[in-house]
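Student: Sequence:
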Amino acid sequence: MAFMRPTHLPATMNMWRVIFFERVGPRVMVDRSGPWLASKNTANDWAAWFENRGYCVALQSQQGLLERRFAGLPL
Numbered sequence: 001m002a003f004m005r006p007t008h009l010p011a012t013m014n015m016w017r018v019i020f021f022e023r024v025g026p027r028v029m030v031d032r033s034g035p036w037l038a039s040k041n042t043a044n045d046w047a048a049w050f051e052n053r054g055y056c057v058a059l060q061s062q063q064g065l066l067e068r069r070f071a072g073l074p075l
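Numbering (the numbering used here), first residue to last: 1 to 75.
The reader is advised that the hints may include incorrect statements.
With beta-carbon atoms standing in for the labels, derived distance ranges [claimed, not checked]:
hint, residue 1, residue 2, range
1, P26, Q62, 30 to 36 Å
2, D31, Q62, 19 to 25 Å
3, W49, M15, 28 to 34 Å
4, N14, G54, 25 to 31 Å
5, F50, R27, 28 to 34 Å
Rather than coming from a laboratory, the hints here were simulated on the basis of the structure.
Because the structure is a prediction, the values reported are computed rather than measured.
Ideal Cβ positions, reconstructed from N, Cα and C, are used throughout, including at glycine.
From just these sequences and the hints, can you work out the full model?
Tutor: Here you go:
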């Protein structure tokens with residue numbers, strides 16, 4: 001019997017999460033990361049929500065790609 005993946009999940013599903021940064025003196029450190037989310041749109045929505053509340057965030061894909069949300073992060 002062959003392995004069958006659930007039909008509701010795409011074969012090339014790429015999950016995203018929000019990464020939080022904190023300034024410690026002259027350095028910018030990764031403070032923590034959020035849970036994996038099913039779509040980039042959802043991760044963008046959460047990132048915007050946290051940015052509106054003063055957090056410094058970026059997006060990270062499941063493959064390790066980091067996307068800056070603004071130019072102030074040294075990624």
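Student: The structure should be examined with respect to each hint, and the outcome stated for every one.
Tutor: Do the hints match the structure? See the list:
1. Roughly 31 Å separates the CB atoms of P26 and Q62, a value that falls within the hinted 30 to 36 Å.
2. Distance hint check: the CB atoms of D31 and Q62 are about 20 Å apart, consistent with the given range 19 to 25 Å.
3. The hint said 28 to 34 Å for the Cβ distance between W49 and M15, and at roughly 18 Å that hint is violated.
4. Distance hint check: the CB atoms of N14 and G54 are about 28 Å apart, consistent with the given range 25 to 31 Å.
5. Checked against the hint of 28 to 34 Å, the C-beta distance between F50 and R27 comes to roughly 20 Å, which is inconsistent with it.
Hint violations for this structure: numbers 3, 5, all remaining hints satisfied.
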